Amino acid sequence: DAKTTQPPSMDCAEGRAANLPCNHSTISGNEYVYWYRQIHSQGPQYIIHGLKNNETNEMASLIITEDRKSSTLILPHATLRDTAVYYCIVRPTGNQFYFGTGTSLTVIP
Amino acid sequence: DAGVIQSPRHEVTEMGQEVTLRCKPISGHDYLFWYRQTMMRGLELLIYFNNNVPIDDSGMPEDRFSAKMPNASFSTLKIQPSEPRDSAVYFCASSTMGGGVQPQHFGDGTRLSIL
Numbered sequence: 041d042a043k044t045t046q047p048p049s050m051d052c053a054e055g056r057a058a059n060l061p062c063n064h065s066t067i068s069g070n071e072y073v074y075w076y077r078q079i080h081s082q083g084p085q086y087i088i089h090g091l092k093n094n095e096t097n098e099m100a101s102l103i104i105t106e107d108r109k110s111s112t113l114i115l116p117h118a119t120l121r122d123t124a125v126y127y128c129i130v131r132p133t134g135n136q137f138y139f140g141t142g143t144s145l146t147v148i149p
Numbered sequence: 015d016a017g018v019i020q021s022p023r024h025e026v027t028e029m030g031q032e033v034t035l036r037c038k039p040i041s042g043h044d045y046l047f048w049y050r051q052t053m054m055r056g057l058e059l060l061i062y063f064n065n066n067v068p069i070d071d072s073g074m075p076e077d078r079f080s081a082k083m084p085n086a087s088f089s090t091l092k093i094q095p096s097e098p099r100d101s102a103v104y105f106c107a108s109s110t111m112g113g114g115v116q117p118q119h120f121g122d123g124t125r126l127s128i129l
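Chains as they are written, first to last, in this note's numbering: chain A, 41 to 149; chain B, 15 to 129.
These are computed hints drawn from the structure, not numbers from a lab.
In this text, all values refer to a predicted model and were calculated from it rather than measured experimentally.
From the three backbone atoms N, C-alpha and C, an ideal C-beta is built for every residue, glycine too.
Any given hint might turn out to be false.
Stated by the list, open to error - Derived, one-sided and incomplete: chain A residues facing chain B with beta-carbon distance under 7 Å: (1) CYS52; (2) GLN82; (3) GLY83.
What the hints assert, rightly or not - Only part of the chain A face toward chain B is listed, based on derived beta-carbon distances under 10 Å: (4) SER68; (5) TYR72; (6) GLN78; (7) ILE103; (8) THR105; (9) PHE137; (10) TYR138.
What the hints assert, rightly or not - Dumping the calculated DMTMM-like pairs for lysine to aspartate or glutamate here, alpha-carbon to alpha-carbon at most 25 Å: (11) B:LYS92 with B:ASP122; (12) A:LYS43 with B:ASP70; (13) A:LYS43 with B:ASP71; (14) A:LYS43 with A:GLU54; (15) A:LYS43 with B:GLU58.
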């Protein structure tokens, strides 16, 4: 699996957009980018995934650069409930997930 | 819809005892995964099943750990005998066909403490 690099921690003001970066410079052509988050004492929660194109769902947007070497998860209007550890994962089809250390996002009132 | 259901939520037992963790995957999902999470090692995959058959158990730490999936709606992870270093949060996850592309859905975990 391609290795990912994320900042260990970030802060975001409540109501503002949270932009979480992820570098995956060794990603292969068949590897998808996934984002999960883990709120304290809960299991990881799937957020979004994509291959090449930008993706949007009810939770977030995923922006993947044209060379696919990095991506950004955008939470458009962060709330206190979005405080969590966010994991960026890349993997080929048919293989397992490897969770790194993620980014600890704190939403500040 | 019901998500992945794990039981018990918390387990405290003494060293040497047998521990059994249980998981009910989401109905219709044909992949089931067992993970362990600790502060030191983060989230690690222990074993996963496809259509009730174990596919990769390379993450199982040692022979004291075993996992079974007798049918599509139930799986167990057993530790016998348990040791203090087994203390962790154990998660079960499931996904539908195409485990590589489809996201995994996690339960809320079992917090295991071995005294």
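Going through the hints against the structure:
1. CYS52: 23 Å, violated
2. GLN82: Check passed: Cβ of GLN82 (chain A) comes within 6 Å of chain B, closer than 7 Å.
3. GLY83: Since chain B brings a Cβ to about 3 Å from GLY83 (chain A), closer than 7 Å, the hint holds.
4. SER68: The hint is violated - SER68 (chain A) has no Cβ within 10 Å of chain B, the shortest such distance being about 13 Å.
5. TYR72: 6 Å, holds
6. GLN78: 8 Å, holds
7. ILE103: With a minimum Cβ separation of about 18 Å from chain B (threshold 10 Å), the hint on ILE103 (chain A) is violated.
8. THR105: Given a least distance of 21 Å, the restraint on THR105 (chain A) is violated.
9. PHE137: 7 Å, holds
10. TYR138: 8 Å, holds
11. B:LYS92 with B:ASP122: 18 Å, holds
12. A:LYS43 with B:ASP70: 21 Å, holds
13. A:LYS43 with B:ASP71: 22 Å, holds
14. A:LYS43 with A:GLU54: 31 Å, violated
15. A:LYS43 with B:GLU58: 15 Å, holds
The structure is inconsistent with the numbered hints 1, 4, 7, 8 and 14, although it conforms to all the rest.
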